[in-house]
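Q: Required output: the full structure, derived from the provided sequences and hints.
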Amino acid sequence: TTLNCRAKDYSFITDENTHEVVLRKSLSGLGFSFYISQLSSGADRGSVVRIKRLFPGQPAQESGLLREGDVILSVNKERVKDLSYQ
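Letter by letter, the sequence shown follows residues 1 to 86 of UniProt numbering.
Possibly wrong hints are sitting among the right ones.
List time: in silico EDC-like cross-link candidates among lysine to aspartate or glutamate, alpha-carbon distance up to 20 Å [stated by the list, open to error]:
(1) K77 / E20
(2) K25 / E78
(3) K52 / E68
(4) K81 / E20
(5) K25 / E68
(6) K81 / E68
Pair ranges (Cβ atoms, derived) [to be verified]:
(7) R67 / L39: 17 to 27 Å
(8) L39 / E68: 12 to 22 Å
(9) S41 / E62: 27 to 37 Å
(10) D44 / R24: 14 to 24 Å
(11) E16 / L39: 12 to 22 Å
(12) Y10 / N76: 17 to 27 Å
(13) D15 / E78: 16 to 26 Å
If you are wondering where the hints come from, they were derived from the structure by calculation, not from laboratory data.
We treat Cβ as the ideally placed atom computed from N, Cα and C, and that holds for glycine.
A: Pasting the structure below:
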């Protein structure tokens, strides 16, 4: 699974604070949970997907590239801005 973080959907996203992360799914998944929060300040409106938790020993944590609170901009080249849990 590719988490591509190059989209400019939010004012706080820059080339310096984005990167592409490639994770290989293990039998138990990618190894993170996420949550969707609403933005309502300044130019940033809508929802944002953030990493809630990294699970020890799983691909997301073992990559060393992701942290809790990181924003996920796209998955497999599909934007996730303003998506819901449905």
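Q: Each hint: holds or not?
A: Here's how the hints hold up against the structure:
1. K77 / E20: holds, 10 Å
2. K25 / E78: With Cα atoms ~18 Å apart, K25 and E78 stay inside 20 Å; holds.
3. K52 / E68: holds, 5 Å
4. K81 / E20: holds, 16 Å
5. K25 / E68: Status holds; Cα separation ~18 Å.
6. K81 / E68: The given pair, whose Cα atoms are some 18 Å apart, holds under the 20 Å limit.
7. R67 / L39: 17 to 27 Å: holds, 19 Å
8. L39 / E68: 12 to 22 Å: With Cβ atoms ~18 Å apart, the hint holds.
9. S41 / E62: 27 to 37 Å: Once the Cβ atoms are compared, 34 Å apart, the range 27 to 37 Å for E62 and S41 holds.
10. D44 / R24: 14 to 24 Å: violated, 32 Å
11. E16 / L39: 12 to 22 Å: Between E16 and L39, where Cβ atoms are some 20 Å apart, the hint holds.
12. Y10 / N76: 17 to 27 Å: At roughly 20 Å between Cβ atoms, N76 and Y10 fall inside 17 to 27 Å, so the hint holds.
13. D15 / E78: 16 to 26 Å: Holds: the Cβ-Cβ distance is about 21 Å, inside 16 to 26 Å.
The structure fails hint 10 only (numbered hints given earlier).
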